[in-house]
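**Q** All chains, please: the whole structure from these sequences, using the hints.
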Amino acid sequence: MSDNPLAVEVAGMALPNPIIAASGTFGFGPEYAPYVNLARLGAVAAKGVSWDPWPGNPPPRVWETAAGLLNSIGLQNPGVEVFCREDLPFLRRAQTRVIANVIGRTIDEYARVVERLEREAGIDAIEVNISCPNVKEGGISFGQDPDHAAAVTRAVRAVTRRPVIVKLSPNVSDPVAIAQAVAAAGADALSAINTVIGMAIDLKRRRPALGAVTGGLSGPAIKPIALRVVWEVAQSVHIPIIGIGGIESAEDVVEFLMAGATAVMMGTVTFRDPGRMEAVIEALPATLRALGFECVRDAIGAAQGFCEEARP
Amino acid sequence: MPPARMVVCIERREVVARDHVELYFRHPALTAAVPGQFAHILTEGTLRRPLSFSRLDPASGLAAVLFRVVGRGTAWLAARREGEPLDLLGPLGRGFPPPEPDRPWCLVGGGVGIPPLFAAWARWKASLRAPITVIAGARTREAVVMVEDFRAGGAEPWVTTDDGSLGEAGTVLGPLRRWLASHPQGQVYACGPTPMLAAVAAAVQGHGPCYLGLEQRMGCGVGACLACVVPAADRATWPPWRRVCCDGPVFLAEEVRLE
Chain A
78 MSDNPLAVEV
88 AGMALPNPII
98 AASGTFGFGP
108 EYAPYVNLAR
118 LGAVAAKGVS
128 WDPWPGNPPP
138 RVWETAAGLL
148 NSIGLQNPGV
158 EVFCREDLPF
168 LRRAQTRVIA
178 NVIGRTIDEY
188 ARVVERLERE
198 AGIDAIEVNI
208 SCPNVKEGGI
218 SFGQDPDHAA
228 AVTRAVRAVT
238 RRPVIVKLSP
248 NVSDPVAIAQ
258 AVAAAGADAL
268 SAINTVIGMA
278 IDLKRRRPAL
288 GAVTGGLSGP
298 AIKPIALRVV
308 WEVAQSVHIP
318 IIGIGGIESA
328 EDVVEFLMAG
338 ATAVMMGTVT
348 FRDPGRMEAV
358 IEALPATLRA
368 LGFECVRDAI
378 GAAQGFCEEA
388 RP
Chain B
1294 MPPARMVVCI
1304 ERREVVARDH
1314 VELYFRHPAL
1324 TAAVPGQFAH
1334 ILTEGTLRRP
1344 LSFSRLDPAS
1354 GLAAVLFRVV
1364 GRGTAWLAAR
1374 REGEPLDLLG
1384 PLGRGFPPPE
1394 PDRPWCLVGG
1404 GVGIPPLFAA
1414 WARWKASLRA
1424 PITVIAGART
1434 REAVVMVEDF
1444 RAGGAEPWVT
1454 TDDGSLGEAG
1464 TVLGPLRRWL
1474 ASHPQGQVYA
1484 CGPTPMLAAV
1494 AAAVQGHGPC
1504 YLGLEQRMGC
1514 GVGACLACVV
1524 PAADRATWPP
1534 WRRVCCDGPV
1544 FLAEEVRLE
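These protein sequences, in sequence, are chains A and B. Heads up: the first sequence begins at 78 in my numbering, then just goes up one per residue. Heads up: the second sequence begins at 1294 in my numbering, then just goes up one per residue.
Take the hints with a grain of salt, since some may be wrong.
As the list claims (entries may be wrong) - Cβ pair distances, simulated, as ranges: (1) A:Arg117 / B:Ala1371: 32 to 40 Å; (2) B:Trp1369 / A:Arg117: 25 to 33 Å; (3) A:Arg117 / B:Gly1376: 29 to 37 Å.
Unchecked claim - Here chain A is said to cover these stretches of chain B; the calculated rule only asks that three of the stretch's residues, wherever they fall, bring their Cβ under 8 Å from a Cβ of chain A: (4) 1338-1351; (5) 1510-1522; (6) 1531-1538.
No lab work stands behind these hints, which were simulated from the structure alone. Quick reminder that beta carbons are idealized off the backbone N, C-alpha and C, glycines included.
**A** Structure representation (structure tokens):
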């Protein structure tokens, strides 16, 4: 094992630290390169790519809320071919770990995108987005039904040797059922959570604030929701979980680790503070030590034992 | 000048009108910005606030932003004091190109769209051999900002207000159409609310070049999140949008479709 107290392994992927740039908040990498040392991050999850280009939703696409952010980007992306040709080379050169995020309207589209990515070097894992609330077809519709979620996972699993991470939605009555279904279907890891469906009204314009009417809520407002999903899923599956939702500090990271996550993704905070992921990596060893942990691995699931003791 | 993240103290703070505040910064990377570019300023909200530069003066070393208080972020910013540090990303975006020296130049600003045009005018007025006209409009008199700054620099803006409380009653379209009648091949730089820009673009169509400084709800400010898009005029080619933060905020009128 490594001497690096921050090193973790997620589904066979060795990460120098557990901090990953969340898909959709970090573009394809070069946009933030003037402000962030990509090599320093645990990994970068690229923006989701589909088979054909997707135009995304009409603006406005973002709206600030109390301790959060609503977005309705709608998975605008240039398609997997352009991603491979124009965006992947930069990420390869960036000396970081690359997670390609995949979206589709049909099970077949997910599989075709992953098949295309399989021909490319420089991708360390595939994240399957079955949980975007901003598109009508594909996206969340696969993530709200255990059988559909499992079918997408199986289709992707069949065409890649790389680790498969399935990104879960909080917009379901039973996230555990989805998690168990995709784990049984061959997922190597889970990421949780995607954004929470919400909306806002623009008072002055007398209409929904977002062009797409509803959007996905992210930021500190959803951290308790994310922690609860990670907590429950961690008790029910035996594959690693990447925690996502409102993480802004090293303490937030340790909360997710203690709830059962192996790594985390940070996103919304990057918009206001592009340096925050690196600052959290910097602060994490001291934070862990202050809480009595020698390394990240020691903290993973540390709060789970309490649960048993506290039960009557 | 490549964009950077910087912490800069407020050198000067001025309330220029009710709900309108101008903050000055001393930083060479900022004064080197192109007029029309913006600073993405950290406030207490979830997102930064994109504000175009109102002044970019390498001689005095001062750059400034002038904004209207419209919500929590701008209210927080307006409450800062001289000497307080602010966290800025910038200069960001694509600003105005230098105007053609021999083409009559008309700058059309609406409300807080006037400040970036003042920066453009101050930067390039001496390079023009052709006449320059400034049209500044707003809903009401106190929102017509920077008129005295233009006057101090030797220009006499044509002022319009929707309610007739200052200058000509009506919008900037009236004076713009008269200017176009006598300068059919002139170049127009405009900045203001989207409906105003749509009307300006329509009026200038068939005349000289027309550059528009756009605003849109913005996320990251660096091109990553794809929040601040506006429809591209050409929807047949990919992508069907332009990002205001990095493809703009300044666009040729023909590039975008304003709805």
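**Q** Against each hint, give a clear statement of whether it holds in the structure.
**A** How the hints compare with the structure:
{"no.": "1", "hint": "A:Arg117 / B:Ala1371: 32 to 40 Å", "verdict": "holds (36 Å)"}
{"no.": "2", "hint": "B:Trp1369 / A:Arg117: 25 to 33 Å", "verdict": "holds (31 Å)"}
{"no.": "3", "hint": "A:Arg117 / B:Gly1376: 29 to 37 Å", "verdict": "holds (33 Å)"}
{"no.": "4", "hint": "1338-1351", "verdict": "holds (count 4)"}
{"no.": "5", "hint": "1510-1522", "verdict": "holds (count 13)"}
{"no.": "6", "hint": "1531-1538", "verdict": "holds (count 4)"}
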